[in-house]
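Could you put together the complete structure from these sequences and hints?
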Amino acid sequence: MQTPAPVDYARATSVEHALQLLEQLGPESRLIAGGHSLLPMMRLRLARPECVVDINDLTDLDYIRLEADELRIGALTRHSAVLGSPVVGEHYAILHDAESRIADPPVRNRGTVGGSFCQADPAEDLSAVGSALKATVVLRSSQGERTVPAREFHAGPYETVLGDAEMLTEVRIPIRPGAGSAYDKVKRRAGDWAIAAAGAYVVLRGGEVADCGIGLTAVGAPHFCAPEAEAYLVGKPPTEEHVAEAARLAAEACNPRADQRGPAEYKRHLAGELTRRVLLRSVDRAQGRA
Amino acid sequence: MQITITVNGAEVTRDVEPRLLLVHFIRDHLGLTGTHWGCDTSQCGTCVLWLDGQPVKSCTVLAAMADGHEVRTVEDLEVDGRLDPVQQGFMEEHGLQCGFCTPGMMMTTRWLLDHDPDPDEATIREAISGQLCRCTGYENIVRAVRWAAEHPAVDQPEQEVEA
Numbered sequence: 000m001q002t003p004a005p006v007d008y009a010r011a012t013s014v015e016h017a018l019q020l021l022e023q024l025g026p027e028s029r030l031i032a033g034g035h036s037l038l039p040m041m042r043l044r045l046a047r048p049e050c051v052v053d054i055n056d057l058t059d060l061d062y063i064r065l066e067a068d069e070l071r072i073g074a075l076t077r078h079s080a081v082l083g084s085p086v087v088g089e090h091y092a093i094l095h096d097a098e099s100r101i102a103d104p105p106v107r108n109r110g111t112v113g114g115s116f117c118q119a120d121p122a123e124d125l126s127a128v129g130s131a132l133k134a135t136v137v138l139r140s141s142q143g144e145r146t147v148p149a150r151e152f153h154a155g156p157y158e159t160v161l162g163d164a165e166m167l168t169e170v171r172i173p174i175r176p177g178a179g180s181a182y183d184k185v186k187r188r189a190g191d192w193a194i195a196a197a198g199a200y201v202v203l204r205g206g207e208v209a210d211c212g213i214g215l216t217a218v219g220a221p222h223f224c225a226p227e228a229e230a231y232l233v234g235k236p237p238t239e240e241h242v243a244e245a246a247r248l249a250a251e252a253c254n255p256r257a258d259q260r261g262p263a264e265y266k267r268h269l270a271g272e273l274t275r276r277v278l279l280r281s282v283d284r285a286q287g288r289a
Numbered sequence: 000m001q002i003t004i005t006v007n008g009a010e011v012t013r014d015v016e017p018r019l020l021l022v023h024f025i026r027d028h029l030g031l032t033g034t035h036w037g038c039d040t041s042q043c044g045t046c047v048l049w050l051d052g053q054p055v056k057s058c059t060v061l062a063a064m065a066d067g068h069e070v071r072t073v074e075d076l077e078v079d080g081r082l083d084p085v086q087q088g089f090m091e092e093h094g095l096q097c098g099f100c101t102p103g104m105m106m107t108t109r110w111l112l113d114h115d116p117d118p119d120e121a122t123i124r125e126a127i128s129g130q131l132c133r134c135t136g137y138e139n140i141v142r143a144v145r146w147a148a149e150h151p152a153v154d155q156p157e158q159e160v161e162a
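Chains as they are written, first to last, in numbering that gives the first Met the number 0: chain A, 0 to 289; chain B, 0 to 162.
Source of the hints: derived by calculation from the structure; they are not laboratory data. Computed from a prediction, not measured in an experiment: that's the story for all the values here. Each residue gets a CB set at the ideal place from its N, CA and C atoms; glycine is no exception. Watch out, some of these pointers could steer you wrong.
Residues of chain A clear of chain B, computed beta-carbon distances all greater than 10 Å [stated by the list, open to error]:
no., residue
1, Gln19
2, Gly34
3, Asp68
4, Val147
5, Tyr231
6, Thr238
7, Arg256
Some chain B residues judged to face chain A by a derived CB distance under 7 Å, without partners named [stated by the list, open to error]:
no., residue
8, Pro17
9, Arg18
10, Thr40
Below, the structure is given as structure tokens:
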């Protein structure tokens with residue numbers, strides 16, 4: 000039986016209250032929302048916070064809306080809400096592709112978008128999506144609000160640039176008219192973490208790639224992205240050859256580690272192949288073929 | 000700390016440790032052992048119950064987090080000795096052998112049919128993908144869900160069944 004170590008519990012009634020509690024309780028306190036990353040770590044005693052601050056009552060952070068040419072998703076939005084959102088699907092199929100592959104329905108009913116980003120698991124799917132889409136995250140503390148590019152939010156495995164008494168409140172994704180996007184993931188069984196996964200968006204103009212983004216997870220891609228591959232593809236027609244070369248560059252930039260999910264070379268192969276597939280699917284979607 | 004949770008329509012108040020998991024609260028503090036406790040790692044899904052109308056894995060929720068909220072467990076499916084069609088379906092189609100995964104399967108199924116009264120096989124398999132069964136091979140479970148879909152409770156008004 001795995002039971003968390005003794006812990007105190009506090010319930011926040013507003014963002015301001017949550018920040019105030021974090022300041023009062025100090026660096027050994029942790030926010031808890033869905034709890035589907037933190038509670039397993041607490042049971043395994045990999046995490047041992049002195050107090051958890053429950054933010055499930057902050058329903059004003061549970062939203063998906065279009066504002067200022069951005070898709071804005073509140074930190075407390077559940078995975079199931081993202082998956083069920085027509086607005087999300089209309090602009091970014093990558094998010095529906097990814098969410099349908101995250102864990103399983105009961106877990107998606109509970110787990111949150113903010114939690115996924117802040118957990119900073121090196122195999123986290125939404126971190127790769129955020130990097131692919133060049134999203135920004137909104138961080139709030141009692142000193143005010145700041146925005147950080149998703150590609151600069153993660154400081155390493157399970158580490159972010161969040162301060163001790165600071166919380167992520169929103170994820171902002173620029174709307175790119177005509178963009179096609181996709182996500183794909185290889186895993187050992189239903190509901191599992193990725194062996195490797197990749198996501199992309201592509202904007203076409205005059206038969207060429209005008210803009211694109213590539214995100215990867217579980218394969219040691221720095222900041223979950225592949226900027227060399229993106230730079231290669233921009234300005235070129237999205238032919239199979241160019242896409243294959245971009246995928247090769249993305250795989251080369253990865254640093255996968257061998258573990259129970261497979262050897263490093265297999266993961267590098269998956270990184271390349273999945274990047275190739277999601278780029279081609281993004282191109283198809285941008286052209287209205289898929 | 001003291002918590003009050005509405006469980007199957009009735010308020011219960013208990014003193015608990017903040018670290019207590021909801022599955023243990025339901026089983027050990029309330030004696031509702033229909034909800035099973037399995038893998039402890041949000042994998043197997045036998046501990047699925049409804050929290051505010053949504054199926055969740057109760058091994059990954061603190062009881063304290065359910066304070067002031069509503070929980071529905073498998074014990075609530077049967078009403079006055081009448082089984083829910085989902086329970087009948089699992090009997091009719093042999094949707095269980097050892098029965099360990101069954102409470103989670105049935106709570107997920109009830110939610111599915113409440114939201115999609117006529118699901119196809121792919122929808123059913125996706126809906127139960129958060130639950131592991133090691134006996135039936137899932138074939139009979141899918142049939143049990145279909146049986147329940149084809150036999151909605153007779154005393155339910157038609158529009159409710161359709162909703």
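Against the structure, the hints:
1. Gln19: For glutamine 19 of chain A, whose nearest Cβ neighbour in chain B is about 19 Å away, the distance exceeds 10 Å, so it holds.
2. Gly34: violated, 6 Å
3. Asp68: The claim stands: aspartate 68 of chain A keeps its Cβ more than 10 Å from every Cβ of chain B (closest is about 32 Å).
4. Val147: Correct as stated: the minimum Cβ-Cβ distance to chain B is 28 Å, above 10 Å.
5. Tyr231: holds, 37 Å
6. Thr238: Non-interface label stands for threonine 238 of chain A: nearest chain B Cβ at 34 Å, farther than 10 Å.
7. Arg256: For arginine 256 of chain A, whose nearest Cβ neighbour in chain B is about 22 Å away, the distance exceeds 10 Å, so it holds.
8. Pro17: holds, 4 Å
9. Arg18: holds, 4 Å
10. Thr40: holds, 6 Å
Checked against the numbered hints listed earlier, the structure breaks hint 2 alone; every other hint is satisfied.
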